[in-house]
Structures are given as structure tokens and as C-alpha cells.
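Protein chains in written order, with my numbering: chain A, 1247 to 1573; chain B, 2 to 421; chain C, 2 to 289.
Worth double-checking, as some hints may not be accurate.
[What the hints assert, rightly or not] Straight line, CA to CA, 25 Å or less: simulated PhoX-like cross-link-like pairs of lysine-lysine:
| id | chain 1 | residue 1 | chain 2 | residue 2 |
| --- | --- | --- | --- | --- |
| 1 | A | Lys1381 | C | Lys16 |
| 2 | A | Lys1321 | A | Lys1332 |
| 3 | B | Lys332 | B | Lys47 |
| 4 | A | Lys1344 | A | Lys1321 |
| 5 | B | Lys47 | C | Lys78 |
| 6 | A | Lys1479 | C | Lys16 |
| 7 | A | Lys1332 | A | Lys1344 |
Because the hints were derived from the structure by calculation, they are not lab data.
In case you want the letters, here they are:
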Amino acid sequence: MTQVSADRRKFRMGRLERKNTLIAYTFLAPNFIGFAVFTLIPVVLSIVMSFTEWKGGDLTSMQWVGLNNYAEIFKTAKVGTEMANKGFFAGLSYFFNKVDLGISLKNTIFYTVVTVPLTLVCSIALAMVLNHAVKGAVAFRAVFFFPYVASMVAICVCWNFMLMKNGPVNQILMAFGSKFNKSWTADSTMAMWAIILVSVWRSMGYYMVIYLAALQGVPRELYEAATVDGANKWQQFTHVTLPQLRPTTFFASIMLIIGCFKIYDTVAIMTNGGPGRATKMLVLYIYNEAFVNFNYGLASAIAMVLLVLVLLVTIVQFSMEDKYANS
Amino acid sequence: MKKLIALALTACMLLSMCAFAAAEEGTVITIVAWDANTTGYLTAQKEAYEASHPGVTIEYIDVSSQDYDTKVAAMLAGKDTSDIYMVKDIPALLNWYEAGYTEDLTPYMQAANYDVAGFVGMETNYAQDGQQIALPFRSDFEILFYNKDLFDAKGVEYPTNDMSWEQYKEKALAVMDDSDPSNPIYGTHYHTWLSTAVNYTVADGVNTLVDGEYSDLAYFYQMIQDLEDAGACMSYSEISAAGLHYSGAFGNGNIAMMPMGYWYVATLITNIANGTYNVKNWGLAAMPTKEGVAAGSTFGNLTGVCMNKLSDDKDAAWDYIAWLCGEEGAKVTAGAGNRPAWVSEGVAEVMSSIEGFPTDEGSKAALLPTFVAIEIPGTALSSRISSILGEEHSAIMTREISIEEGIENMNERVQELLAE
Amino acid sequence: MTAISAKPRQHAPMKPGRVIGRTILYLVLILLTVFTLIPFFWMLSASLKLDREVFSFPMRWIPETFHWENYSLIWTKVPMLTYFKNTAIIAIAVTFIQTLTSSFAAYAFAKLNFRGRNFLFLAYIGTIAVPWQAYMLPQFVLMRSMGLYDRLLAMIVLQSFSAFGVFLMRQFYQGIPTDLCEAARIDGLSEYGIWLRIMLPLSKAAIATLVIFTFIGTWNDYMGPMIYLTRDVNKTIQVGLRRFIQENSSDYHLIMAASVTSLVPVTIVFLALQRYFIEGIATSGLKG
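Model the full assembly from the supplied sequences, consistent with the hints where possible.
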């Protein structure tokens, strides 16, 4: 009996599902057809391309080379010998200090790990401040969003000049006792911080606006209850505001992480990966392999490393969010 | 919603407004070039050819010079049918050849019994596997520009065509003046490129930048660092951070000497004539040389044209290439202040007689180098070697690593690449 | 006691501590504003200088003489008007198509159950992670074979169907209670009716958000137009800007003048829509 009704339910749901699916597809179609043709197919092609050698021309002229491209970017032979001779960690250190992929991975991850929290903290702080009834709040909001609107070429040229040896930023820092007297982009350590600074400067206003809007949704009763319990301002912030902002932080951090992993413009204009390889990032590496060395297959293989990395981080984030939602 | 619909309607109207009108008459030769609208010799070549070949029109497709290789890679991969592509550097050309985009010019040259004597052997840099994949029409060599007024002010003698690098360094130190910090006079100027800094090592005809051994570069790096430390030239770090362009730097009138490609002559003449630059009296000298290297030896590079295999009028395209690279085209190129790849007495005369060119004998004599080595030879690996050298170059020049370390890295990384 | 503290704040006289706090707050805000705007000020100042003055030392914040002619030069030296027109066509068309189709597709992802939903959505998200530089060339070859090259249409179709729009709108729609849809279904409204009558009116804010981001993104895009648009009549502002950086000379004063000019339309769009915009991000961000 139960068997039959279960089957019937399944059947009915199937029919409903089919009807729903049909309707859903009509909703999807206008966007999906364009998306598939102009984005999805090329992306899939580039996945295929990472296993081939291609010099351009007809797509059919791609030559299958298996994992060769991956072996080359990871320098498996060289790293393997190093590991066999000097131990696992020596090999690892060789990979991250000598191999292009290792260096750009290291740089990209460092950049992301610093930029994401920094942007989040700055944008939350700005949002908290501008959420009070500050006079001119609307104007301030517009000001902080402004960097996001301007085009990258002009901005990066400006910042390079700001951060020069005798530029305004160094002069201010010197007034506070800093001993640093070099153009930021000409210093292996500071070049990375120059890029981080510009990135945070550019995106903090954008995420501030998101947080600002999210703050409007925090129920007032929660603060009142906290006040009754004798919580001070800071305790209110950590115990009420932050947990309430969690979904926003989740959304913002995913978008930020993907954006950071894909950084290109800022680096290309400000440092071009230099000095040496101090700011060489994954996408810059991809671009050079594709359009300076004309190694399209290799470039795609590097992109796949990036894709896997982003997907891993996203999946971890999603599962953490699920855990949070379920608890 | 209404607003959105209104926006959409406007969009559709605007879209229909930009319909294309492509009416073609006679033969049209399309040439893909960079800075097409602002480069003097391109305009001059077009006008001269159209005047002597009625019914033929030259049409340039303008590509930003910074992104030329990227854009052309995409165009060629996408089966573009433009007739002629300008060749900016040899590694990119080799890639086009390997992908099968370039037409072999050898049969055309044989059929026309084309005279290559005027190229003095430079055209072989564009030959691969017995095919002539391009022909050069410009051949620039590195030459020393100097500001006569600054030398006069300090009573230092002008640079000569037979200087050693030591003498050059002494002059740079003698002519500099940092007594007024708001307007320092620099003895010399190095643009951020690797070539302007250390490429002179290849002038002896023995060293190359693709051999995997770079200890010979140390001499030049050391000299630059000494000059920087003495304040005789701006530091690399600042030039690269500011994105300072060499043209404006020398044009500003506070730089006494600057090694640069010959192409800068045209820019200099134009900008002095229209009053953009402060510099007034300038001269040319041959690049200094190391001991044991013949005076007048330098390095240079080529600019050329190649024919697209998908061109639909190859004979017309060949006619233009033959004209452009041969003596007639060379005179037009020279007349616009550039150094053509084809040289003859007639061409040299045109070069030195253009308005605004320095009239002293030394500058005229500097036009005839005794030996020109190619900047970086075209091999399958040259673009990757260039990238490696460029990365280490920036690390050395910003003083993030010592010269020895940098050269060690260059050796190690390039040798690893060559071994693969 | 509690009654007193619950009193609205503005009626209470300001304590000295609070005055100091406020002052510090404003000081910090003003400092931050300067930090944010200083590059723009430099840009403006550079746009009124001569080329050789732009990078000269010591730095001059206010130009010796104001070269207003830079702003007229950019229109005559290159066909800037054509570039503006082209950029506007592309940006407006992309924004319209993107907003319309994204909200349509997002409705399916957010409110309808169908086979393959998660897989399709993952495909959308996955493409965001792949940098364009990696698939630029195969995409170009495909587009070219469809005859979509050196036409504004190429840029329009290329940017109109991005995954970002669908993701953003989906997040917003998820925040709209499903009960609303259920009630409408019981009332006999079709799914299309629900989208038109309930979802669209409720998502004005999200639409404004998407409009701004798409418009800014398209307006400032460089690599796409650089690769796909070839003839001068088809170029856009960002490509046009690079024409001032040439092999043998550069006109940074003109680049800055053109950049400042190109800021105007984007700023107008932002200011016009920012009220909705703040609200829109809130809702789409909340239900991540």
C-alpha cells in the first residue's frame, strides 16, 4: 500500500516537475542562450585547450598533448628531482620561490588574504560611522563610492605618482617618523602593499554601501535588549551587529575573493609584476603566456589552476554557511 | 519601467544610426599598423604611393602601440583578411609564421628579381626555414642624443663619435648640475627598457642576449648605478613609478645626453618645430663603445611588413611591399625623419637634409654606424628570454637585488629554459 | 531611570565627551575624504597642465597656467565624440538587455523548482571564476566565425549575458517571501504574471543596482573593445584614451582630461540612481 502511494506521489511530483521545468526553461532561455554561446562554450573550450597546443587559427587545429601543459607550469620534473634529492619541503620551497606558477600563486594568495579582510574591516567601519545620523552622510557615501566609478588607467597612474619617492604619501609618512624613502612600486615589499592599498581604496566604498544597507535591516529591539543587559557599545557591535551582518559578510567575501584572485589591471598598469617577480599575479602570468609567448594552451592550464582554487574556496565557504544556517 | 523602455528605444535608434557605409573603388590595400594617424612616415608613405599609383588606396587600421601584439594575435587567429601587417618585433613575427599566417615573399622576390643589396644583410633577420616572411622598411639603431646648450653652459665639449664608455661617463658627470634642487640638470637619461640600459653589450658582434650567459651586462649595470648615485641621471625607480616617457624627459631640456633609437629624431624635430619642447639645439653622436670594439658599433632593430596569407589581392600587396622597402619608399621614409632599412647615398642625403636636422658634421657622420648588431635575435625562445631578462632587469635597477645576484638569476633561469 | 535613557537623544544636552567624540569623528571622515579624493584632484590638476609639466618635480598641485584648451583638444585630436557615442550605445544596450534577461532568468533560479537547477547555477558561477584572458581567444574565433567582429553588436552580445547579473538578481529574489508567489498562484496568476506583477515592482531597487554596475562596467571596459572593435568609427572611450599613449610620445595631460570628461556620464548615472541603489544592494546582499 505504502509502496504504491509513494510511487504515485513520485509520479505526480515528476509531472509537476516536468511542467515546472518547462516554464523555468522559458524564463532561462533568453539569458541562457546568450550566456551559453558567448561565455559558457568559450570557457569549456579553454578547459579543453589546457590539454592542447594551439597557435591560433581554426579551433580544429588544436593538438592534444595530454597533461604536458600542466607538467610544464608545475615544472614537475624539476620540482620532483628537488624533492627526491633534498626532501619534500625543499621541493616545495623551490616551487614557491623559483617556479613562475609557484611565485604567482604565492603572490596572489598573499594579496587576497590581506586585501579581503582589510576591505571588509574598512567597509564595515565606514558603514558603522555613516549609519549614525552624521551630517552630510549622503555626501560622504557618494565620496567613498567614487573611486569605484573612475576608470583604471587614470587611477593607477595617479596612485603611482602619489606613492613616489618624494610623493605626498611618503612625505606624510616621514612626518610620522617613517624611514622609508623609495617609490613604493620600486620596492619588492612595498609594491605589493601599493597594489593592496589601491585595491582597498577602490572597493571599500562599494562594500560600505552593501553593509550600510544591511545595517538598516538589523532589528532595533536587539540593541535595546542588549542595552538593558548592560552591554556597552563595543559589546553591542560584537554580539548584535556582527552576527546580524553575517549573511552579508558571506556574500561580500565570496565576491571579494573571486575579484582578488582575478586581479590584473592594477598590477599590469602599476608594476607589471615587478620589481623582479615580486607582484607577479596569476592573471598577469596567464596574459603573458598567451599574448607575449603565444602559448595559449599553457595559459589555459594556468587558468584552470585558478578555477580549481576559486571553486575550492567557494565550496568551503558555502558549506560553512550551511553549517551556520543549520545551527 | 517606462524609463527603461525609453532607454531601450533610444538604444535601438542609436544602433540603427551607426550602419556601415563601405563603398570601395579601385584597389584598396589594408595595412594594420600602430599609431597610424599620428605617425608622420605612415602618412607620407600613403600619400607618396597613392600619388604615383593612381587608383590604389592605402587604408590603415590603427591599433594602440601598447597592445599591438595582443590585438594582432586575435585578428590573425580570427582570420582577418587585411593585406599587410606591420611587424613590430621579431618574436611576434615568428609566432605568426609558425601559426601559418604569413605569406612567403621569396617567390615574389624571385619573380621580380628584387634587389636586396640596400638592406646590407638586415633582411636575413626576417628569414625563417628558407622563407622570407617579412621585409624591413625601417632600421633603427641606438644613437646618442645630446643637448648642445647644456654642454655649452658647462663648457664641456660635445660628445664625439669615437667615445669610450668611460669618456661618456666622465662627460655625464661633468655636465650635470644639482646646485638648484628645483631644476636639476642631468648628465644622461636611461629609459626603463632593458635595451637602453645594457643592450650595448651586443655591439661587439659576439655577445647576444639569447646565449644564456650574462656576466657581460654587469659592466653597464655598474655604470648606471654609479651615475644614479652621483645624481647624474634620474633613478630607474622614479622613472618607472612615474611612468615618465623618455620623449618628454629629453624634451624638457634638462637632460644633457640620452641614448635612444634613431626614431626619436622625427619626434624631436616635430615637437621642437611646434614649440612643445624646451630643448632647442641638439646633436647626434655615435654610441660609445667598449675597448676593443670598433667605434660606431651599435645595436638596432627592424620595423617591417609581412603579407597576410588570407589577403585577397596579394599582387597589389606585394607591389606595395616592394615599393615601401625599396629605394623609392626608403626616400619617403627618410624624408619623414626616419631611418629606412634600405640605405644608399641618395637615401642618406635625404636623411640629413630634412628641416630641423642638426647641421654639424659630427651629427651627419653619426648617421652611418660601422656595425649594427640586432637587438635580440629571433628564436623560438626569444620572447620568453626577454620576459626573464626584463623581470631581473627591474629587480636589479630598483636595487632590490645586487647586480651579481641578478645576473646569476638571469644565467640560471635562461639556461634552464635553453636546456628544456 | 529607564524612562530617562529611552528619551530621544537629540533633546538631551550634549555632554563635553560627546562633542569631542563628534569632532574626532568628523576629523577622521574629512581625512578619509581627502585620502579618497586626492588622486582625483591630481587627475584634474594634471588635465590642466602641459604634457611635460605633468610629471615634473617638485610636484605642483595647482598648475602654473590653466590649460583649459586640453579639454577642447581631446575632441579635435581624436574623434572623441564618436567614441562617446559608441560607448553610450554599447553601455545603454548592454544595460537594458542584461537587466531584462537576468531578472527573467533569476526568477527561475530563485522561485522555480526544476531539473538541473543547481547544475546550471554552478555553471553560471563557475564562469565568473575563469579569467577572461584565458578564454578570450577561442571566444574571439567563435565570434568572428559568426560575423561578430568590428561591430558594436559584438560588444553588446558579449557583455549582455554575464553571470554576475543573474547571481545578483537571484540573491534579491530569494529575499522576497515565497508566500507571495504561492498566494498569487492560488489567485490564478501564471508564473509570467507573477514575475511581471509581483517580482518586477518589488525589485526596483535591485534593478537600479544592476543598472549602475552594468553601466559602469561597460563604460569602463577596455580589453573587450580593444580586441573586438577595430575601425576608428567603432572604437570606445577607453580604447580612445590609449591613443594618447603612443610609441614615441605620450600625452598624459590629454589622457587625464579625457578621463575627467568620461567620468561625467557615469557620475550622473550613479547620482541619479543612488537612492534605489543603496536599498537594492541591501536586500540582495542580505540573503547570501
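Structure-based check of all given hints:
{"no.": "1", "hint": "A/Lys1381 <-> C/Lys16", "result": "holds (18 Å)"}
{"no.": "2", "hint": "A/Lys1321 <-> A/Lys1332", "result": "holds (16 Å)"}
{"no.": "3", "hint": "B/Lys332 <-> B/Lys47", "result": "holds (13 Å)"}
{"no.": "4", "hint": "A/Lys1344 <-> A/Lys1321", "result": "holds (10 Å)"}
{"no.": "5", "hint": "B/Lys47 <-> C/Lys78", "result": "holds (20 Å)"}
{"no.": "6", "hint": "A/Lys1479 <-> C/Lys16", "result": "holds (17 Å)"}
{"no.": "7", "hint": "A/Lys1332 <-> A/Lys1344", "result": "holds (15 Å)"}
Checked against the numbered hints above, the structure violates none of them.
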